[in-house]
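Visitor: Each protein sequence line maps, in turn, to chains A and B.
Take the first sequence: its position 131, counted from the start at 1, is 132 in this note's numbering, and no numbers get skipped.
Take the second sequence: its position 21, counted from the start at 1, is 631 in this note's numbering, and no numbers get skipped.
For the record, the hints were derived by calculation from the structure and aren't laboratory data.
Keep in mind that this is a model prediction, so the values were computed, not measured.
Just so you know, even glycine gets a beta-carbon here, dropped at the ideal spot from N, CA and C.
A couple of the hints might just be wrong.
[Said to hold, decoys possible] Part of the chain A face toward chain B, derived, beta carbon under 8 angstroms:
| # | residue |
| --- | --- |
| 1 | 130 |
| 2 | 135 |
| 3 | 141 |
| 4 | 142 |
| 5 | 152 |
| 6 | 154 |
| 7 | 165 |
| 8 | 168 |
| 9 | 169 |
[Said to hold, decoys possible] Here are the computed distance ranges between Cβ atoms for each label pair:
| # | chain 1 | residue 1 | chain 2 | residue 2 | range |
| --- | --- | --- | --- | --- | --- |
| 10 | A | 71 | B | 748 | 43 to 49 angstroms |
| 11 | B | 742 | A | 145 | 47 to 53 angstroms |
| 12 | A | 186 | B | 685 | 33 to 39 angstroms |
[Claimed, not checked] Far from chain A, by Cβ distances over 12 angstroms, these chain B residues were calculated:
| # | residue |
| --- | --- |
| 13 | 783 |
| 14 | 805 |
| 15 | 823 |
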Amino acid sequence: MKSDSLLQAVQEAFLRLSAGDGELWTIVWISLKVSLSALAIATPLAVALGFWVASNYFRGRTLVIVLLQGLLSFPTVVVGLVLYLLFSRSGPLGAWHLLFTQAAMIIGQAIIAFPVLAAFTLAAVQGADPRLRETAASLGAGPWRSAFTSLFEVRFAVVAGVLNGFGRVISEVGCAMMVGGNIAGYTRNIPTAIALETSKGDFAQGIALGAVLMVFALGVTALLALVQREAKPR
Amino acid sequence: MRPLVEIEHAVKRYGDKALLDVGPVTLHAGDLIVLTGDNGSGKTTLLKMIAGLERGARMRLRFEGVEASESDYPRELGRRIVYVHQHPYLFNTSIADNIRYGLRLRRVEAAERERRVREAMAWAGMEDLAAVAPRGLSGGEKQRVALARARVLDPRVLLVDEPTANLDAQSRSQVIGLLRKTATGDNCVVVACHDRELIELEGARRWHLAGGRIETR
């Protein structure tokens with residue numbers, strides 16, 4: 002690609018962004034809707050699991066921790082492959098007709114975000130001051146209230162986990178492509194659209210969507226910095 | 611006088627070695643006990659066992675008719691026996707919220723709760739710091755907040771672990787002043803310490819832990 006046509010593509014990209022290009026903003030909306038829904042589903046379950054594993058000693062605990070940490074770097078395309086096999090017409094869950102739907106993308110992204118959220122919560126609770134629970138208990142808190150107080154005390158680390166999870170799912174392409182099918186106006190999100198438009202030679206659309214993704218990434222980084230500043234030890 | 615807490619026995623082992631083998635001992639309303647002993651003699655462990663925060667190999671204690679053992683520590687006891695750490699942990703909210711915490715758990719009505727929080731802040735000499743986050747407080751100030759947070763609950767038994775350790779002279783005298791005010795005559799206060807001034811506190815009885823056993827002095 003020549004440099005003048007690259008410049009043209011960048012200009013066109015920012016024109017489309019500022020003009021409120023319907024197709025472009027639909028893609029952004031689908032991305033946000035799918036990723037935030039996935040986080041809403043994964044967060045309570047992952048935080049509960051992370052907290053439980055951090056707070057209890059049981060046979061196989063180390064294995065669970067190693068598994069969670071291993072899943073952090075699990076290729077998203079493999080998650081997509083497994084879900085594809087499950088949801089495809091001849092698969093065990095084929096009757097649910099989930100393949101190439103937003104629901105399938107949400108399930109995939111929830112699975113991808115889960116280990117990030119659980120591992121952050123686990124590390125935060127494990128690293129919490131042991132006096133925290135004793136203090137809560139000594140002031141009269143029962144086990145549930147103590148657990149809630151502990152989670153509240155490590156809230157900034159949990160929020161950092163949610164932001165990291167968001168960063169991972171909003172930009173993943175493998176799973177979304179496989180189980181979403183990249184259907185325009187329905188399952189086409191930012192990463193799958195960038196891959197498609199670039200392969201078609203529509204660089205302007207790819208650059209515009211890339212710019213939106215960069216804004217999300219910078220926004221998440223800024224929020225993380227704020228959260229980490231708040232989380233400084235007493 | 612009827613005892614407040616009767617410790618029939620409190621035994622804690624590390625492997626084959628018995629760290630604590632205490633009992634029988636009793637605590638009465640109005641008692642101010644100074645618990646002394648070398649480092650590692652088990653002072654903290656004993657206080658935590660009485661507060662139900664640490665389990666021993668064997669324990670049996672009675673508090674106003676309610677019995678606790680090594681496997682069962684009734685929650686109502688935990689609400690009336692409060693333990694304060696040597697280096698208190700303050701929740702990452704405001705100082706007032708820290709003091710409010712136990713009152714909220716006990717579902718104290720809002721107006722009454724706020725009155726008691728204000729009173730506790732004044733008691734600890736921290737009236738102007740209600741909205742301040744604890745992260746910037748000195749060791750002595752944290753200790754005062756922790757004592758106010760415990761005292762506001764009006765515990766029958768208050769167990770305070772080395773409250774003056776590592777404090778400068780001014781903070782130390784402020785904390786000792788608060789401890790003097792804490793022993794009301796209706797409650798029982800046990801203070802683990804090495805501090806000469808606390809050991810010689812007027813009206814205090816002394817328990818000395820050595821070889822896992824308590825010698826009363």
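Visitor: For every hint, state whether the structure bears it out.
Guide: Results for each hint:
no. : hint                              : in the structure
1   : 130                               : holds (6 angstroms)
2   : 135                               : holds (5 angstroms)
3   : 141                               : holds (4 angstroms)
4   : 142                               : holds (6 angstroms)
5   : 152                               : violated (12 angstroms)
6   : 154                               : holds (6 angstroms)
7   : 165                               : violated (21 angstroms)
8   : 168                               : violated (25 angstroms)
9   : 169                               : violated (27 angstroms)
10  : 71/A - 748/B: 43 to 49 angstroms  : holds (44 angstroms)
11  : 742/B - 145/A: 47 to 53 angstroms : violated (29 angstroms)
12  : 186/A - 685/B: 33 to 39 angstroms : violated (57 angstroms)
13  : 783                               : holds (24 angstroms)
14  : 805                               : holds (21 angstroms)
15  : 823                               : holds (25 angstroms)
Comparing the model with each earlier hint shows violations of hints 5, 7, 8, 9, 11, 12; every other hint is respected.
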